[in-house]
Amino acid sequence: MIFHHPPLLHTSLGFFVLNYQFDWSVVTSGKYFDWLVSGLITTLKLSCISIVLAFILGLVIAIMRMSHSRPIRWIAHAYLEFYRNTPLLVQIFFWYFGSYKILPAVINDWLVSTNFEFAAGVIALTIYTSAFIAEDIRSGILSIPKEQMEAARSAGFSYLRSMQYIILPQAVRITIPPLVNQFLNLAKNSSLAMTIGVMEMTYQARQVESYTFKGFEAFTAATVVYLVLSIVITSLVNLYNEKVLNLHKAA
Amino acid sequence: MITFKGVHKWFKTLHVLNDINLHVTPGEVLVVCGPSGSGKSTLIRTINQLEPINQGELIVDGINLSDKKADINKLRAEIGFVFQQFNLYPHLSVINNITLAPIKIRKTPRAEAEKQAMALLERVGLAEKRDAYPLQLSGGQQQRVAIARGLAMKPRIMLFDEPTSALDPEMIGEVLAVMKDLALSGMTMVVVTHEMGFAREVAHRVVFMDHGAILEEAPPNEFFGNPKHERAQQFLRQLLTPMQCECP
Numbered sequence: 004m005i006f007h008h009p010p011l012l013h014t015s016l017g018f019f020v021l022n023y024q025f026d027w028s029v030v031t032s033g034k035y036f037d038w039l040v041s042g043l044i045t046t047l048k049l050s051c052i053s054i055v056l057a058f059i060l061g062l063v064i065a066i067m068r069m070s071h072s073r074p075i076r077w078i079a080h081a082y083l084e085f086y087r088n089t090p091l092l093v094q095i096f097f098w099y100f101g102s103y104k105i106l107p108a109v110i111n112d113w114l115v116s117t118n119f120e121f122a123a124g125v126i127a128l129t130i131y132t133s134a135f136i137a138e139d140i141r142s143g144i145l146s147i148p149k150e151q152m153e154a155a156r157s158a159g160f161s162y163l164r165s166m167q168y169i170i171l172p173q174a175v176r177i178t179i180p181p182l183v184n185q186f187l188n189l190a191k192n193s194s195l196a197m198t199i200g201v202m203e204m205t206y207q208a209r210q211v212e213s214y215t216f217k218g219f220e221a222f223t224a225a226t227v228v229y230l231v232l233s234i235v236i237t238s239l240v241n242l243y244n245e246k247v248l249n250l251h252k253a254a
Numbered sequence: 043m044i045t046f047k048g049v050h051k052w053f054k055t056l057h058v059l060n061d062i063n064l065h066v067t068p069g070e071v072l073v074v075c076g077p078s079g080s081g082k083s084t085l086i087r088t089i090n091q092l093e094p095i096n097q098g099e100l101i102v103d104g105i106n107l108s109d110k111k112a113d114i115n116k117l118r119a120e121i122g123f124v125f126q127q128f129n130l131y132p133h134l135s136v137i138n139n140i141t142l143a144p145i146k147i148r149k150t151p152r153a154e155a156e157k158q159a160m161a162l163l164e165r166v167g168l169a170e171k172r173d174a175y176p177l178q179l180s181g182g183q184q185q186r187v188a189i190a191r192g193l194a195m196k197p198r199i200m201l202f203d204e205p206t207s208a209l210d211p212e213m214i215g216e217v218l219a220v221m222k223d224l225a226l227s228g229m230t231m232v233v234v235t236h237e238m239g240f241a242r243e244v245a246h247r248v249v250f251m252d253h254g255a256i257l258e259e260a261p262p263n264e265f266f267g268n269p270k271h272e273r274a275q276q277f278l279r280q281l282l283t284p285m286q287c288e289c290p
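These protein sequence lines are chains A and B, in that order.
Using the working numbering, the letters of the first sequence map in sequence onto residues 4 to 254.
Using the working numbering, the letters of the second sequence map in sequence onto residues 43 to 290.
Same shape as in the complex, but just chain A:
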């Protein structure tokens, strides 16, 4: 039936015809390219600092969670539930808009004069991620047979020294793949820091879009960067699994 009305077909097709002019040079060279690169560097900085701090904090929380003292266990548990069950964006806003209000004016002024967006981003991402990491580490520790602790204690190591020399080195080895997952989540979550003005990858892509109206190119570039970052890291983990974890398995 349609073929009897060619003009109608033409107009309706015209509705779908692409009249958008792709211009990839916007994101592959020049000023806007530099913006994106600086965004990537900020994203990497934000992610790397946060993951290191989150790991240390997560380790402390995991050990507190397994403490013999009930109040310490309870505090760790409350921490986990609180930060895992509230949205990251709210936490970011809390640290950036909320936290400093209760600090003395001197500190307040100092914070404003420094790069407080970045610091607030690090704090929020660290605390949020540490809750997940703590659970990963805890399940890593629980997967080590209790006989390992008995052997260490029998040799004369205290509880904490046994953890340090015998339990944690084994637990962390097992925990590295889930930890890398947390790092990838963190790197992706770090894009939320744009909402408080951290000039990271997504923020810069948005900037490029604002200046050039090349939204498709700008966000495609951002997407590709996140994707490549994730794939590279995932491949490294797979390599680690093959080479290192299997080393200790039976010959």
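Treat the hints with care, as some may be off.
[Said to hold, decoys possible] Computed beta-carbon distance windows for the label pairs: (1) B:G181 - A:H71: 14 to 24 angstroms; (2) B:K146 - A:V247: 22 to 32 angstroms; (3) B:R198 - A:L163: 52 to 62 angstroms; (4) A:K246 - B:P151: 27 to 37 angstroms; (5) A:N244 - B:N63: 48 to 58 angstroms; (6) B:P151 - A:N88: 43 to 53 angstroms; (7) B:P77 - A:S70: 30 to 40 angstroms; (8) A:W27 - B:K146: 35 to 45 angstroms.
[As the list claims (entries may be wrong)] So the derived list for chain A, only partly shown, Cβ under 7 angstroms to chain B, looks like this: (9) P107; (10) N111; (11) E150; (12) E153; (13) A154; (14) S157; (15) G159; (16) S161; (17) I169; (18) P172.
It should be emphasised that the hints constitute simulated quantities derived from the structure, not laboratory data.
All residues carry an ideal CB built from backbone N, CA and C; glycine is no exception.
Dock chain B against the given chain A, drawing on the hints supplied.
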């Protein structure tokens, strides 16, 4: 060296140690035997306080374990413990398994700790395995490394909790040979085992346990030749001729 005075222990309502009185003198080799569930593993684990006791008095190397001020970590460093499942540290090579405690606890310099570890590995016949990882070794080899690890702390007492029960039959001999050599060197040893040949040949005294109590305590000749308690007689019959066990 080790003295139990009226020791009791309960797991919830289960009476696992029932009025244990026992004295081990320096240089003595004591073998503890009995059916499974008789409390022999619990008994040996109380000596280095892997299991705390509920009642009575336990004095090890001059230290009363009920004393709140007793430094239990320090005492444990003086006691070697060999487990049924070896429990080597899988993330460390053989040499590092042996030197970890001497370096970290005794503060022995690494070079010296390694020299001593190599001497121990020679003694248990595994010098060429110094850089292997535990899971690359057979069960018998792992247990010999575990013994070397215990000895590296120069302990005053060695405890063995069924050291050959998890081994394939052809590997039992190599472990028992190391233990016998150790016994002959004058080490104070408490050994939980079903290896009656070892008990007969090496032990100075044999203790028979059942239901958490010590039923018989005698030199091996007497224990194997003329067991007094009826449960001990039955146990030995079953152990020596398992196919003809008169099952209840």
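Results for each hint:
no.	hint	in the structure
1	B:G181 - A:H71: 14 to 24 angstroms	34 angstroms, violated
2	B:K146 - A:V247: 22 to 32 angstroms	24 angstroms, holds
3	B:R198 - A:L163: 52 to 62 angstroms	25 angstroms, violated
4	A:K246 - B:P151: 27 to 37 angstroms	32 angstroms, holds
5	A:N244 - B:N63: 48 to 58 angstroms	55 angstroms, holds
6	B:P151 - A:N88: 43 to 53 angstroms	51 angstroms, holds
7	B:P77 - A:S70: 30 to 40 angstroms	38 angstroms, holds
8	A:W27 - B:K146: 35 to 45 angstroms	59 angstroms, violated
9	P107	44 angstroms, violated
10	N111	46 angstroms, violated
11	E150	5 angstroms, holds
12	E153	6 angstroms, holds
13	A154	4 angstroms, holds
14	S157	4 angstroms, holds
15	G159	3 angstroms, holds
16	S161	5 angstroms, holds
17	I169	6 angstroms, holds
18	P172	5 angstroms, holds
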